[in-house]
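Undergrad: So the protein lines, in turn, are chains A and B. For the first sequence, counting from 1, position 120 maps to 120 in full-length UniProt numbering; every step adds exactly one. For the second sequence, counting from 1, position 68 maps to 68 in full-length UniProt numbering; every step adds exactly one.
Just so you know, these hints were derived from the structure itself, not from any lab. By construction, the Cβ of each residue, glycine as well, lies at the ideal position given by its N, Cα and C atoms. Warning: the hint list may mix true and false statements.
The calculated BS3-like cross-link candidates involving lysine-lysine, where the alpha carbons are at most 27 Å apart (straight line), are [unchecked claim]: (1) B:LYS51 with A:LYS150; (2) A:LYS222 with B:LYS32; (3) A:LYS277 with B:LYS9; (4) B:LYS81 with A:LYS150; (5) B:LYS61 with A:LYS206; (6) A:LYS49 with A:LYS270; (7) A:LYS219 with B:LYS36.
If you only want the chain A side, here are some residues facing chain B, beta carbon under 10 Å, derived [to be verified]: (8) ALA100; (9) LEU214; (10) ARG227; (11) VAL230.
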Amino acid sequence: MNSLMGKILKVNLSNGSISRNDTPTEWVELYTGQKGLGSRILMEDVNPKTDPFSPENKVVLTTSVMGGTIVSCSSKLAITTKSPLSGTITDGSVGGHTGAELKYTGYDAVDITGRAGGLSYLYITDEKVEIRDAAFLKGLGTFDVDARLKEEVGDEELKVLAIGPAGENLVPYSCISSEKYRQLGRGGIAAVMGSKNLKAIAIRGKLDVSVNDLQGLLKYSKEVTVRDEVIATDNEIYDLGTSCLVDYSQESGLLPTNNFQEGTFEEAEKINGQSFKDVRKNKKGCFSCGIACGNYVVDGAASVEGPEYESIVLGGSSLGVGNREKVIEFNSVCDDLGLDTISAGGTIAYMMEATQKGIHDFGIRFGDAEAAIEMLTKIAYKDGIGAEAAMGSKALSEKYGGEEFAIQVKGLELPGYDPRGSWSMGIAYVSAPRGGCHMSAYPIAEEAWGELDPFTFEGKGKLVADMQNSQFCKFSMGVCDFWPIDDETLGRLFELTYGGEWPADRVYKTGERVFNLQRMFNIMAGFDRTEDKLPGRFHKELLKAGPPKDIAYTKEAFDKAMDEYYAYRGWDERGRPTVEKLEELGIEPKFIEAYKTVL
Amino acid sequence: MPLKFDLSKCTGCKLCQLACSASHYQVFNPEKARLKMIHEYNDDGIRIASKSCILCKKCEKVCPVGAITNNGRWMIVDEDKCIGCGTCVDNCPTRIIFLNNDKSTICDLCGGDPQCIEWCPKGVISLRERKGVKA
Ligand code: SF4
Ligand code: SF4
Ligand code: SF4
């Protein structure tokens, strides 16, 4: 007995076929679940050169081996696809209760291809799977879709993954909402759903999840969550959620302000953790989570769960907006329209700077919160100037100029940490498979907020690669980022739920394998080192306040750090995994053969 | 004695429901828990509620075959007697009884060591002590 449900659901929206196949145990042994399993399923038959909006691209939902069990923070849901924004593989994950719900339907994964004839939604329960007409949901925001589907099915506990108008209109940075305020899908996963005419996925499951060793798991899980203070009501992440990071970033001089022109924000105190705590109505936790980092806040007419740190920065300080209510509104409007707050904010900030510098007048200026919020609706409907803004900052800067201040990597707008204030974040940004993202590694915790010198690259290539490998296994096994769990504990929990032997080195290797699999996909899609670069601003301009003041972050030093990073990874000087490395990791020969043809 | 809840502390994590199903059925399934926490957004904001046995003993009164009794601390279902008619389910004011394999299923305080209390990370659940009665 183990916690795998044993089935993968396969849906082809073009011809309406629905089938159930056994989950191959070899895939679980190599890639475990979520991020890893999703990448493996995508690789199976999506050509990396596929047009993201073609019916051949897939939307792959994956749960994890620990999902649905009592292990804390372990019930996330991942979705993997080829991104229309970056052209890379991309996967996003969402907490809340949707991952567990999917697991209780009896599926480890849902593999969706094709394109429906008309707008549809997918209804998945433990008893049936149906592709249903969604004409009545056309054009609705994600909050309404959630409410209407609960009504339609008659179950307040139905879990809904919905796209908003932004996804329907194929905005390449549209994202998916679930349970109203929980989002996933950086890099436009919602637009891929939109291209498939798939408005929503509604899920309700009632099956049992069994584990390999129940008594062992109950005992161990309790022990390690207490040890790691995952269950505690006095830690900062419980008290304030990620908004606590605003003060940290401000103090470290790396809080993106006015599109990363500065690293400190005069009005930071108005949008910091305490400020949001002042308007908190409730705490909210994900399924099985002892931490509960979520905050439901209400300020004036605006309400949201969050706002998370990244949204506070990209919808606040980086737009020159120090108004709490407006930040909440920006976040909530994005959630309802189905827009990624980071990319939407990053794109609008680029437009503000282009206007400020007289490069192109987009009619929008730093500090103008109202205009920024109005722009969101224009983007989602591709209305007037919104049609341009919907392209994202990279494409806009290629058209109008100012590429050095289009703050993105591979087209994906950067989150809320200026790499000039914590040098290894730059390495993490350019090497993350989905483009500019902070989830592959979070070295800032050791650097700007830890013991390591933030202003040197010494040893940082190794630091970032090691973190990425562990993170990629953690996110494949399904544990949330907020549990700073070590590889050994992770492996032991996996043994108790799934079985087998999972010592720390196998956990680390698994993560490294998943990371390399995603890199292979990108190389086969046409990427290499040339695209692993930061916007010119970071190398050419100095920050003028705080700890990073006047410290140069040179291109030469950065390139040298990347040389070290690739070498440590066993990749060639063009940043491509070597065949020997892939063989050593046990990547399946059929993928290595296909990969060799592009080298 | 019934469970009591400080809902202001609840985060909706459902660890209590997972603990309940694990302790009675050796599986994880919130649908098979003998208590239920609701923590859902709706148009008015957020709805937080709990459902659990309040020890009103209505089920005992309506059961047509006398399968339900109590020991003053929790309700007791005699599975050999229970015919799975669902009369208790329909009459429970908190709607917390369910049929599992056609047998009425009610909170038994885990035989005196409530696992939901043990597992709730936020200290939401406790026992409503009554004079002179211990769990
Ligand atoms: S199970 Fe329902 S009817 Fe029976 S005692 Fe408890 S609350 Fe009353
Ligand atoms: S006391 Fe035991 S049986 Fe009753 S609800 Fe809690 S865990 Fe379930
Ligand atoms: S375990 Fe506690 S916090 Fe979690 S849902 Fe149950 S009562 Fe609420």
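Undergrad: Against each hint, give a clear statement of whether it holds in the structure.
TA: Now for the hints, and whether the structure bears them out:
1. For the hint pairing LYS51 of chain B with LYS150 of chain A, the CA-to-CA distance comes to about 20 Å; that is within 27 Å, so the pair holds.
2. Among the hinted pairs, LYS222 of chain A with LYS32 of chain B is consistent with the structure: their alpha-carbon atoms are about 21 Å apart, no more than 27 Å.
3. In summary, the hint linking LYS277 of chain A to LYS9 of chain B is supported, as the alpha carbons are separated by about 15 Å, within the 27 Å threshold.
4. The hinted pair formed by LYS81 of chain B and LYS150 of chain A fails the criterion: a straight-line CA distance of about 38 Å is larger than 27 Å.
5. Note on LYS61 of chain B and LYS206 of chain A: the hinted pairing is violated, with a Cα-Cα distance of about 30 Å set against a maximum of 27 Å.
6. As the CA atoms of LYS49 of chain A and LYS270 of chain A are separated by approximately 46 Å, the hinted pair breaks the 27 Å bound.
7. Restraint check: the Cα-Cα separation between LYS219 of chain A and LYS36 of chain B comes to about 23 Å, which is no more than 27 Å; the hinted pair holds.
8. Taking 10 Å as the C-beta cut-off, the interface hint given for ALA100 of chain A holds, the closest approach to chain B being about 8 Å.
9. Taking 10 Å as the C-beta cut-off, the interface hint given for LEU214 of chain A holds, the closest approach to chain B being about 5 Å.
10. Taking 10 Å as the C-beta contact cut-off toward chain B, the hint placing ARG227 of chain A at the interface is violated, the least distance being around 14 Å.
11. About 8 Å separates the beta-carbon of VAL230 of chain A from the nearest beta-carbon of chain B, less than 10 Å, and the hint is met.
Violated hints for the displayed structure, listed by number in ascending order: 4, 5, 6 and 10.
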